[in-house]
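From just these sequences and the hints, can you work out the full model?
2 protein chains.
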Amino acid sequence: MLRRGFLSRINAAQWSRQMSVVAKSLKYTQHGEPQEVLQLVEDKLPDPKDNQVLVKILAAPINPADINTIQGKYPVKPKFPAVGGNECVAEVICVGDKVKGFEAGQHVIPLASGLGTWTTHAVYKEDQLLIVSKKVGLAEAATSTVNPTTAYRMLKDFVQLCPGDTVIQNGANSAVGQAVHQLCRAWGINSVGIVRDRPEIAELKQMLQCLGATEVLTEAEIRTSDIFKSGKLKKPRLAFNCVGGKSATEVSRHLDNGGVLVTYGGMSREPVTVATGPLIFKDIAFRGFWMTRWSKENYSSPERFENVQGDLRADGAGKVRGPQP
Amino acid sequence: MLRRGFLSRINAAQWSRQMSVVAKSLKYTQHGEPQEVLQLVEDKLPDPKDNQVLVKILAAPINPADINTIQGKYPVKPKFPAVGGNECVAEVICVGDKVKGFEAGQHVIPLASGLGTWTTHAVYKEDQLLIVSKKVGLAEAATSTVNPTTAYRMLKDFVQLCPGDTVIQNGANSAVGQAVHQLCRAWGINSVGIVRDRPEIAELKQMLQCLGATEVLTEAEIRTSDIFKSGKLKKPRLAFNCVGGKSATEVSRHLDNGGVLVTYGGMSREPVTVATGPLIFKDIAFRGFWMTRWSKENYSSPERFENVQGDLRADGAGKVRGPQP
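Top line first, the protein sequences correspond to chains A and B. Using the UniProt record's numbering, read the first sequence as starting at 1 and increasing by one per residue. Using the UniProt record's numbering, read the second sequence as starting at 1 and increasing by one per residue.
Some clues are possibly wrong.
The list treats identical chains as interchangeable, and a pair is accepted whether it falls inside one copy or across any two copies.
[As the list claims (entries may be wrong)] Here are the computed lysine-lysine pairs in the DSS-like style, where the Cα-Cα straight-line distance is at most 25 Å:
| id | residue 1 | residue 2 |
| --- | --- | --- |
| 1 | 296 | 282 |
| 2 | 235 | 73 |
| 3 | 79 | 282 |
| 4 | 49 | 27 |
| 5 | 296 | 234 |
| 6 | 73 | 246 |
| 7 | 282 | 246 |
| 8 | 282 | 73 |
| 9 | 235 | 296 |
If you're looking for bench data, these hints aren't it; they were derived computationally from the structure.
As structure tokens, then:
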């Protein structure tokens, strides 16, 4: 077993002479249902060279996109054999002799996708990693690069929001939805969350309101609600949709003139239906957001780090809590 | 009968002493089907005062929006009694004593909507009118402020097009569609037009190709066409939709990554159906365009005149032909 306490006292040259690491990974060599194609495989890892960093994975989440990638239903196609997973928080074990920014014992998260994080250990490149404070919880750090950053970018990139403005979203208790509520609260923006009705609806509403939701309504309640007509809240100029179908249509119906509905998921597997009137006469725009594309297009941009560092507050405790069950 | 030859020799003061004009207008005092609510009404017009201009209407078209306004199905609600019509070309008969930019005999078009152009004569304000060359055909001038300007703005305002780029549109033989083909040819842009199949399809294709269409395909033909896959034409980055339903979905399917589908009409009365995949993974945006809003928001903008003056070439013959039957 690898222990940080021991490893942090030896340097890279000592490491390579003294021991090696066997990684246990969830690998697949063809597309299919994860339970059928994933296999637990052991690989002896090479020592980290040059700009490489050997890490031990401390926690790695399962995102829907990870499942879809394995199924072959995602636009990103891995080279086989592939290791599942795109996110994690890891501990640096040792580094190649050209690595300057990392040292053993630090916590890091991946900045690139497709690194295969469902493994016990991995060798990554220095520029694929970002240091995070060890004060940030493992759950928060391990889930920081996909869902909170999706929420962050969707709130920043489509409409210029001011304090007092309103954002509306369906799937409000998704990992992205929870981050939206928290960021809105931090920035003084009203957030209205739409959720499906369920037996424990009161507890769910309370949980989301504790995170920062201004209002939480079921799909049925939003249809008859007068929170916007009454002037209680400003009509939303920005809406997020991860459901599709009637839910997306209903959410778009509440948008103010010139508003934007951003789709980042389609849980109902139904398309977004857009009446001609709102498009033309209310100038409602229907857009999409894909974190993977944004990250590729902005790989070296300083903006790329502000969300992760800002949200997690590398100087202290997490600002945005990890997803609640 | 009012004759320009005679009237242009008398000044405004003489006019007001010598004669008055009775305008015959198509008026309505309630919403309904045009044939039921429109009445031919005679009104004695006041002499033009101050910044007013008395005009004789030479030609005025019927646009679908004019019908919808009378039916009460349009977001613009007139004050009753109202005169139908929003476009025309007119001749200046005489002007108020503060008018500086107009004189009798000139041809003018309205810059404002809702002026009620289905009349023989009218008194408008100086700032509601724009002079057009008398070399421009009456059909071209009378139809210049709605459809060609819609085409012009949709080509300018959503995607930065370069020569060699491709635009795709359904309803390709609409008045807007015809203007799109002509402007694309003038600017070196490929335009692909989709039309419904019909008995005289060969003649329609020829007519649209004469106007400037690069390719004209029926709804069935576009489904199996390989003009984009084969590389014959670059994939479109901009699409126009005035039909909705399956036609809009089909058009959006051919858009390149980051492309925009602009809806300006909904002839099928079916909504635009937007699959989640293209929104998220291809970054296809679904927008709308409404000329009335654009004109209001840009009433005094120099841009407002460039399309009318540029398209019609006030110095000579019309660059964009009026709608073909």
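Checked hints:
1. 296 - 282: Answer is between; shortest inter-copy Cα gap is 14 Å, intra-copy 33 Å.
2. 235 - 73: For residue 235 and residue 73, only the inter-copy Cα distance (24 Å) is at most 25 Å; the intra-copy one is 36 Å.
3. 79 - 282: between (45 Å within a copy, 22 Å between copies)
4. 49 - 27: within (24 Å within a copy, 85 Å between copies)
5. 296 - 234: between (35 Å within a copy, 24 Å between copies)
6. 73 - 246: both (24 Å within a copy, 24 Å between copies)
7. 282 - 246: Close inside one copy (19 Å) and across copies (22 Å); limit 25 Å.
8. 282 - 73: between (35 Å within a copy, 15 Å between copies)
9. 235 - 296: between (33 Å within a copy, 22 Å between copies)
No hint from the list above goes unmet by this structure.
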